[in-house]
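**Q** According to the working numbering, the sequence shown holds residues 6 to 236 in order.
What the hints contain is simulated information worked out from the structure, not anything from laboratory work.
Among the hints, erroneous ones may be present.
Listed next, the in silico EDC-like pairs over lysine to aspartate or glutamate satisfying Cα-Cα at most 16 angstroms (straight line) [what the hints assert, rightly or not]: (1) K201 with D186; (2) K236 with E38; (3) K92 with E144; (4) K28 with D64; (5) K53 with D64; (6) K224 with E169; (7) K79 with D127; (8) K92 with D64; (9) K201 with E222; (10) K103 with E144; (11) K82 with D127; (12) K103 with D186; (13) K216 with D71; (14) K103 with D127; (15) K224 with D78; (16) K164 with E222; (17) K225 with D45; (18) K236 with D64; (19) K28 with E40; (20) K92 with D78; (21) K57 with D45; (22) K164 with D186; (23) K53 with D66; (24) K53 with D78; (25) K164 with E144; (26) K225 with E169; (27) K28 with D78; (28) K157 with E137; (29) K92 with D66.
Okay, the calculated beta carbon distance ranges per label pair [what the hints assert, rightly or not]: (30) V155 with V134: 18 to 26 angstroms; (31) N96 with V123: 18 to 26 angstroms; (32) V198 with T172: 33 to 41 angstroms; (33) K225 with D66: 16 to 24 angstroms; (34) S142 with T86: 40 to 48 angstroms; (35) S203 with N60: 17 to 25 angstroms; (36) G48 with V123: 15 to 23 angstroms; (37) D71 with D127: 33 to 41 angstroms; (38) D66 with E222: 41 to 49 angstroms; (39) T166 with E222: 17 to 25 angstroms.
Ideal Cβ placement from N, Cα and C applies to all residues, glycine included.
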Amino acid sequence: MKSLLLMVMVCGGITPALAQDCKGFYYLLNNAEIEMTVYDASGAATGKTIYKVNNVHKDGDAVSSDFSNTYYDKNNKPVNTGAGHFKCSGNTAAIDMKMSVPAAPNMSDTKIEGKSNVAFLDYPSHMAVGQELPGGSYEMTNKVKGMDMVLKYTISNRKVTGRETVTTAAGSWNCYVINYDLNFQMTMMNKIVPMKFSATEWFAPGFGPVKTASFREGKKTGGTLITGLKK
């Protein structure tokens with residue numbers, strides 16, 4: 006995601022209060038580029054996802070953007086591509102749920118192509134420790150090596166549990182810590198494979214998610230961290 010403060014120019018018709026609430030989110034910096042490094046259970050980097058903001062525009066009383074994402078393996082080889090959406094109003098930021106899917110190391114060498122319904126997770130502009138946040142669900146229909154795969158994905162029990170400062174190569178942010186449950190159901194070759202995870206996200210108000218961690222049966226399975234920001 007590139008070109009700082011361009012969102013104000015692109016969305017010049019928005020009220021000053023709305024622009025002030027939304028302009029700092031990296032998803033609303035037109036042509037900006039975000040690098041999210043992906044880590045395995047041991048903390049070793051296994052690849053990275055590059056998000057690029059392609060289009061920032063007014064959407065009724067909100068500001069919206071479209072972005073593309075490309076996953077690169079540890080050898081910097083592009084493996085998977087996708088797209089997502091972001092929306093911000095004066096009261097809530099809404100991020101495409103595909104951003105919350107934890108990395109799956111066993112799928113890192115598999116090219117996945119397909120479509121999903123558009124579903125968002127909401128982040129209120131005013132959060133507090135102990136606050137419960139709405140969850141969500143979506144379904145993806147994919148082709149994996151020529152075979153049909155359906156992935157159903159649900160987030161629930163989402164709650165703000167604390168405040169922490171996260172510092173990376175890209176910057177430092179005072180974040181809200183958000184915990185939630187993840188339920189997957191993968192159907193492939195008429196076989197259903199359910200998976201349950203828990204996850205933690207570090208969300209910087211007015212900026213966006215900067216860190217995630219996922220767990221299964223109490224053991225860490227991986228995570229992501231923002232390691233680069235080009236504006």
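**Q** Please flag the earlier hints that this structure goes against, numbers listed from lowest up.
**A** 3, 5, 6, 7, 11, 13, 15, 16, 18, 19, 20, 21, 23, 25, 26, 27, 28, 30, 33, 34, 35, 36, 37
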